[in-house]
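Since the structure of chain H is already known, use the hints to place chain P on it.
2 protein chains.
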Amino acid sequence: MARIALDASGGDFAPERPVAGALEALSTLPKSCEIVLVGREAEVSAELERQGGSRDRISIADAPETIGMGEKPLAALKSKRQSSIRVGLELQKEGRAHAFISAGNTGAMMAASLVVLGKHEGVERPAIGTVLPTIGKPVLLLDAGANVDCSPRELLGFAQLGAVYARDIFGQPEPTVGLLNIGEEPEKGNTASKEAFPLLQGNTHFHFRGNVEGSDILQGVCDVIVCDGFVGNIALKFYESVGRTVINLMQQELDETVVQSHGARRVFEFLDYSTYGGAPLLGVQGVSIICHGRSSPRAFANAIRLAFRAVDAHLSDHIHDEFVPDGVVA
Amino acid sequence: MARIALDASGGDFAPERPVAGALEALSTLPKSCEIVLVGREAEVSAELERQGGSRDRISIADAPETIGMGEKPLAALKSKRQSSIRVGLELQKEGRAHAFISAGNTGAMMAASLVVLGKHEGVERPAIGTVLPTIGKPVLLLDAGANVDCSPRELLGFAQLGAVYARDIFGQPEPTVGLLNIGEEPEKGNTASKEAFPLLQGNTHFHFRGNVEGSDILQGVCDVIVCDGFVGNIALKFYESVGRTVINLMQQELDETVVQSHGARRVFEFLDYSTYGGAPLLGVQGVSIICHGRSSPRAFANAIRLAFRAVDAHLSDHIHDEFVPDGVVA
Numbered sequence: 015m016a017r018i019a020l021d022a023s024g025g026d027f028a029p030e031r032p033v034a035g036a037l038e039a040l041s042t043l044p045k046s047c048e049i050v051l052v053g054r055e056a057e058v059s060a061e062l063e064r065q066g067g068s069r070d071r072i073s074i075a076d077a078p079e080t081i082g083m084g085e086k087p088l089a090a091l092k093s094k095r096q097s098s099i100r101v102g103l104e105l106q107k108e109g110r111a112h113a114f115i116s117a118g119n120t121g122a123m124m125a126a127s128l129v130v131l132g133k134h135e136g137v138e139r140p141a142i143g144t145v146l147p148t149i150g151k152p153v154l155l156l157d158a159g160a161n162v163d164c165s166p167r168e169l170l171g172f173a174q175l176g177a178v179y180a181r182d183i184f185g186q187p188e189p190t191v192g193l194l195n196i197g198e199e200p201e202k203g204n205t206a207s208k209e210a211f212p213l214l215q216g217n218t219h220f221h222f223r224g225n226v227e228g229s230d231i232l233q234g235v236c237d238v239i240v241c242d243g244f245v246g247n248i249a250l251k252f253y254e255s256v257g258r259t260v261i262n263l264m265q266q267e268l269d270e271t272v273v274q275s276h277g278a279r280r281v282f283e284f285l286d287y288s289t290y291g292g293a294p295l296l297g298v299q300g301v302s303i304i305c306h307g308r309s310s311p312r313a314f315a316n317a318i319r320l321a322f323r324a325v326d327a328h329l330s331d332h333i334h335d336e337f338v339p340d341g342v343v344a
Numbered sequence: 015m016a017r018i019a020l021d022a023s024g025g026d027f028a029p030e031r032p033v034a035g036a037l038e039a040l041s042t043l044p045k046s047c048e049i050v051l052v053g054r055e056a057e058v059s060a061e062l063e064r065q066g067g068s069r070d071r072i073s074i075a076d077a078p079e080t081i082g083m084g085e086k087p088l089a090a091l092k093s094k095r096q097s098s099i100r101v102g103l104e105l106q107k108e109g110r111a112h113a114f115i116s117a118g119n120t121g122a123m124m125a126a127s128l129v130v131l132g133k134h135e136g137v138e139r140p141a142i143g144t145v146l147p148t149i150g151k152p153v154l155l156l157d158a159g160a161n162v163d164c165s166p167r168e169l170l171g172f173a174q175l176g177a178v179y180a181r182d183i184f185g186q187p188e189p190t191v192g193l194l195n196i197g198e199e200p201e202k203g204n205t206a207s208k209e210a211f212p213l214l215q216g217n218t219h220f221h222f223r224g225n226v227e228g229s230d231i232l233q234g235v236c237d238v239i240v241c242d243g244f245v246g247n248i249a250l251k252f253y254e255s256v257g258r259t260v261i262n263l264m265q266q267e268l269d270e271t272v273v274q275s276h277g278a279r280r281v282f283e284f285l286d287y288s289t290y291g292g293a294p295l296l297g298v299q300g301v302s303i304i305c306h307g308r309s310s311p312r313a314f315a316n317a318i319r320l321a322f323r324a325v326d327a328h329l330s331d332h333i334h335d336e337f338v339p340d341g342v343v344a
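Chains as they are written, first to last, in the numbering used here: chain H, 15 to 344; chain P, 15 to 344.
Next up, chain H with everything else stripped away, as it sits in the complex (with noise of 0.2 Å):
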């Protein structure tokens, strides 16, 4: 059985959005899997009823407060006890659901993931990692944003963490972690990149590609690509916008039949980064998800189906394990 939590008050089109993607993650999930709505329970309530949604495997759990987009994370967790990102979260650290999902104010999300479930022993920095669509298999980008300024051996902790997501979520039994980087060869880049080099490669738990350029990520060249928080917010931010430029250019040029294609139609899911699913907070003691503000129900439903993954999978055990391997702590 897997409970997961979903902010029903969180992001630009809440509760509606959520609430849909949580019907349509539950038609495809095993009958073992419920969700918890969390948010503001009258409201919640009213909007499953408008979209007819049965409340054999759903639940709500009262939330009277919400964190706005903008408000100051640290601030708005103190004076917000009853808000959907804390509620969320403790449900789970009470063990009343085993993951939590949330389109609303990030930061606050991380956070409050920080100060409710806690870092894994070991684990330096939780970094966000994001799942980029290439042409053939996926690939998990981190630090997508959570860490800026990051040690080599932070570096280190991010691509353990990504080689553990790789094997439980894509199903990769031996990960590649490639280091993002200026060049291939081992003495370019930054301070940081030159430094993490040798530690990357020394490593036994996973498999080293080198570095990998921005121009790679998309090739589908490795399963984990390693980068701080900085580079990789730019990178993703920027990844979101082309996308968007490019579908608006497409519905400027091309004719309208053809932007209703199948075909045109498969182009801008491609581009839309919106559609996919959440991007988790790794090395957390247990699943905190967060989606993107603007997420349409798909990417909500796909964010509970990975959540559902993570659980089934014990990401977070898995996690556990690698940093504090047969219970020696390092």
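What the hints contain is simulated information worked out from the structure, not anything from laboratory work. Note that the coordinates shown come from a computational prediction; the quantities given were computed from them, not determined experimentally. Every residue, glycine too, gets a C-beta built ideally from N, C-alpha and C. A couple of the hints might just be wrong.
[What the hints assert, rightly or not] DSSO-like, lysine-lysine: derived pairs with alpha carbons at most 30 Å apart:
1. H/K208 to P/K151
2. P/K86 to H/K251
3. H/K94 to P/K202
4. H/K92 to H/K45
5. H/K208 to P/K251
6. H/K86 to P/K208
7. P/K251 to H/K251
8. P/K251 to P/K151
[Stated by the list, open to error] Covered stretches of chain P (chain H as the covering partner; in silico rule of three or more C-beta atoms under 8 Å from a C-beta of chain H):
9. 155-169
10. 199-213
11. 233-246
12. 326-332
Just chain P now, with coordinates in the frame of chain H:
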């Protein structure tokens, strides 16, 4: 009069494409513009004849050696004194050309530009500027890869270089500059960007637009975006590869007639970074333009037009004046 030297041996498709680009550029540039093709004389001469090019405004400077794409820049520059890159830059140094363009080894082009042309007084580190298409006006992103681990002062220097470029080449009398970052607030970012913010804000040379995010790059929110060369290079190469990936996907998913349509070709043109002109190395004494190894004839023609514009606008003199105002050494 402007005489532009072009590396006819540089790039993956030399001498064919550089020569074709030269002929294309000359057909539209003022009669006072001449081109010097730098490369193996017999080979370049034969190619020029094959393409039916008149010798009217084209001359050839013999350079019997070529630096390969994989060669170590400094070693190659030392051992190959007669390489096309070195010969072309020396033509400029001696006043026999006003600009040099190469699609050859980027590292060798940067190193040779510094050695042969030298930096402008007051410029800490020259930067590669790259023009990205936005839906509206173009934007100059720099540094695109010449410098990693940049100090806040160096980022300020890039902003000054970019502002001069925007005035001279974009024709923006009051250019706006943004700092590439992971959030809008001044306190966001890594150490270098946080410290660069007040320096940029305090300057009197250009209008500082504040922090811009990855999602803003293509939105035309400012004329110049500054970042360190690590981030800039990764973003740029990522962008190129997204473009190629989307073009492939469109060719795969859309009907042949659609792919051949005027509208689709406009989308491809937007996405194909290799069609854009070269990237100037700003801060050296002269005009040095780096082209993509896979540049099309049109890309070479655009780079030649850019070089002509830079010479005509006295870009290099204006960079000198920016860093050493009124002859006072900083």
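Pair hint H/K86 and P/K208, alpha-carbon separation not exceeding 30 Å:
Holds, at about 18 Å.
With a C-beta cutoff of 8 Å, work out whether three or more residues of the segment 233-246 of chain P approach chain H closely enough for the coverage to hold.
Since 6 is at least three, the answer is holds.
Given pair status - H/K251, P/K251, alpha carbons within 30 Å
15 Å, holds
What's the verdict on H/K92 and H/K45, does the C-alpha distance respect the 30 Å limit or exceed it?
Roughly 37 Å separates the two Cα atoms, so the pair is violated.
Check the hint pairing H/K94 with P/K202 against an upper bound of 30 Å on the C-alpha distance.
This hinted pair holds, its Cα atoms lying about 23 Å apart.
Would you say the segment 199-213 of chain P counts as covered by chain H, given the rule of at least 3 residues with C-beta under 8 Å?
holds (count 4)
Can the restraint linking H/K208 and P/K251 be considered satisfied, given a maximum Cα separation of 30 Å?
Holds. H/K208 to P/K251 sits at ~19 Å (cutoff 30 Å).
Within 8 Å of chain H's CB atoms, at least three CB atoms from the segment 326-332 of chain P: coverage verdict
violated (count 0)
Checking one constraint from the list: CA of P/K86 to CA of H/K251, max 30 Å. Satisfied?
At roughly 34 Å apart (the allowed maximum being 30 Å), H/K251 and P/K86 break the hint.
Measure nothing beyond the straight line between the CA atoms of H/K208 and P/K151; if it is 30 Å or shorter, mark the hint as holding.
37 Å, violated
CA of P/K251 to CA of P/K151, is that 30 Å or under?
21 Å, holds
Claimed coverage, the segment 155-169 of chain P by chain H - three or more beta carbons nearer than 8 Å
That given contact holds, which follows from 3 residues of the segment 155-169 of chain P lying within Cβ reach (below 8 Å) of chain H.
When held up to the earlier numbered hints, the structure conflicts with 1, 2, 4 and 12 and fits the remainder.
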